[in-house]
Amino acid sequence: MFAYILRRLAFAAVTLWLATLLVFGALLLIPGNPAQAILGIDATPADVAALEHRLGLDKPPLERYLNWLGGVLRGDLGQSIRYETSISGLIAARLGITLPIVIAALLLATLIAVPLGILAARRAGSWADLAVSAGSLLGVVLPSFWVGLMFIYVFIVWLKLPLPSSFPIGGWREPAKAMAALVLPVLTVGLASASLLVRLVRGSVLEVLHQDYVRTARSKGLSERVVLYKHALRNAALPVVTVLGLEFASLLIATVVVETVFGIPGLGSLSLLAISARDYPLVQGVVLTMASFIVLLNLIVDLLYALLDPRVSYA
Amino acid sequence: MCRRWLFVGLLALLGLAWAQNRGGTLTIAIQTEPAAWDPTQVAGADISRVVYDNVLQGLVKRNAKGEIVPALAERWTVSNSGLTYTFNLRRGVKFHDGSDFTAADVVAKFNRARNPDTKASGHLRPDLYKDISAVTAPNPYTVVFTLRQPNNDFLFTLSRPESLITPSGAKLEDLRAKPIGTGPFRFAAWERGVAVRLERNPNYYIPNLPYLDGVNFRFLGDGDAQLAGLRAGDLDVIAYSLLPENAQVLSRDNRFKVFSGSGTAEAVAGFNHSRPPFNDVRVRRAITLATNKDELIQGAMLGYGTKIGSMRSPGEACYVDLSNFNPYNPEEARKLLAEAGFTAQNPLKFTYTLAAEFPYERRIGEAMVAQLNKLGPMLQVNIQVVDFNTWIQRVFTNADYAMTIIGHVEANDIGNWANPKYYWRYNNPRFQQLFTAYLRAPNMQKACENLAAAQRLLAEDAAAVFTMSLPALGAYRANLQNWPGSSLSPGIAVAEVWWQK
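Going line by line, the protein sequences match chains S and R.
For the first sequence, the numbering used here assigns the number 1 to the initial residue and increments by one for each residue that follows.
For the second sequence, the numbering used here assigns the number 1 to the initial residue and increments by one for each residue that follows.
Treat the hints as calculated values from the structure; they're not laboratory data.
All figures in this text were calculated on a predicted structure; none of them were measured in a lab.
Check each hint, because a few of them may be wrong.
Derived DSSO-like pairs (lysine-lysine); straight-line CA-CA distance at most 30 Å [stated by the list, open to error]: (1) K257(R) <-> K177(S); (2) K59(S) <-> K119(R); (3) K59(S) <-> K171(R); (4) K501(R) <-> K160(S); (5) K421(R) <-> K59(S); (6) K160(S) <-> K257(R).
Covered stretches of chain S, as calculated for chain R (at least 3 residues, CB under 8 Å) [what the hints assert, rightly or not]: (7) 24-35; (8) 73-84; (9) 146-156; (10) 261-267.
No residue lacks a Cβ here, since even glycine has one placed at the ideal position from N, Cα and C.
Chain S on its own, in the form it takes in the complex:
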């Protein structure tokens, strides 16, 4: 098991390094220049050159990349070009908003999807199954920015619930207000994620219910409850756990849209800003952070998989 984890960690490190390389290369290819973006269109070429020099952008790309990588290895993500402040500080503050959204949304999705999925699988073909399937289809096809806007109109504008439409100025200094601001984004992202998950749970449970061992358990005269919770669900959970891990990653990315709609200063909106400002070190820092989460989650999923399914070997 230990060697397995070690091997997985080495693999994760290589993945992250490749990610930095890809991002750095992509940024070299897209047109645009952070110095010009900062100074605006009234700046002269001399001003732009001066600022490029101050920011170290006149150095060759390889040198810039190595400098940055050296910093990262020492635990320093560097300074943001646009904001002129520490990148790790920026990212930490943003994660403090995005992570709660993602975790709460994932919890919400699980709480909705698991019971509904089991219900639909047990009564496959019934009206309940049909309703769950139709509802989940709706959740999958409706774009989250539209759903978010509709939520704002329905809950805040029409029903006049005391929820802010965007993250409050001052942020977590007013925790109640900040939490209230996250309700609708969590609902938006959570419902979309639940729609995906419910189909998976239904399919997974349905498949397990048709397995021989379930038939055996039933023929032994075990109650339906024991069959379902003791035998079927443990096996049905495997693909669900995998997908939950992947969902976390895609939710991290889905927040880009939702954070824009709800005016939330999270990691998603930071990544958009970093790209549009061509803030190279900041883009790299954000990508590295997101990639680290994804890699870490994959690792956890793999380990959980091994725990849940004794047939998976660590060799």
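On the provided structure of chain S, position chain R as indicated by the hints.
Chain R alone, transformed into the frame defined by chain S:
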């Protein structure tokens, strides 16, 4: 006796009115977040919208009507030669850091501004100040500017965001994240990605101002998110760039007031004059004649916007109405294209580059392409949408484009056409002569004659398609009083704005 009591009573009433007007905070949505807050070091309209006349002040300022009025200078005189400007400064003014404002700060500022070595000075635009030969302070409350040659834009230059004055002792690096000025509000905090907070300056030199305790400028780029924020109560004002369809929604709701003020932003559909096909005046005229500006204003902007025909908005000085100079005429446009050698077999093909971030310009550009493609097989226009940073590099810096559209927000920016290196690459010596004649004219009447001729020349030359003066379209809560409304000042100055309780 009676009179004295009347006077005391009046004072009491005034006091009551004053107390009712005071207090509260205001949250204003603006579209983008600048990279820094010192307009002498970084360009960008949103810097000025926040700090101009709220935090930072200059010798003179432009008010909401666009007039140049006193700010830190109480009054000034200009010598008959037009070469000496003498400013008498306001006394007893303090910067937000507690230091006194004196003539020494003004002298230091303009010596820094005109230093051609921008690397050393950190000041963006020495070109604006190159006519200054000396700035002196005969005493702590008098400043004298001596010019090399008369310049009719000099006062205007002093009213620009680049001419705002900060304490001579302050470190430039610090001013980028926290500007220090003399204005009615102090810069309290910048929450990156969220908002800027300003708080009331208790030592402001005009008694009783400002009325508000604080102002937040919230960065919200998405038009629908702005609308939702206003309706949900998180925002009090959408300062500009309200989408026309959202303006219609809000104007039916009596909790809000929609305003469409005059602005100084011309939506210019510019050609690249440095290469074919747009080095040919027949092609430029054809495109201009094939553009139906009335339809653009009605269709793309739902009626918000004012038709123009040259690089000037109706609210600006020396404006000439040329809006019907090149009237919509697709037949004539086809004829001109044929003269220039384009046929159905050999059509004129080009790419129209739009910057994704600008909602007005983008929709006007897209509607224009639909109109142009109606000319038929001899003309084929493609749209290319790029992000603003790409636009700056390709279009603005490298002039690697055929046609594009952008809003030129700055007031009095017709002078860009006199610069052959500007991204349009328009190089017309006649225009350059007219513009210089405007700057050096002995009086405003002569100056305006030259500027009128310059505007007419741009229209005759079909130098660009000057589609419309963009509206300063916004909305605010109905109980907000004294909102400035128009966009003729670079700043959204809120010292005199108050809440009706």
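Evaluated hints:
no.	hint	verdict
1	K257(R) <-> K177(S)	holds, 27 Å
2	K59(S) <-> K119(R)	holds, 18 Å
3	K59(S) <-> K171(R)	holds, 27 Å
4	K501(R) <-> K160(S)	holds, 22 Å
5	K421(R) <-> K59(S)	holds, 27 Å
6	K160(S) <-> K257(R)	holds, 20 Å
7	24-35	holds (count 4)
8	73-84	holds (count 3)
9	146-156	holds (count 4)
10	261-267	holds (count 4)
Consistency note: the structure conflicts with none of the earlier hints.
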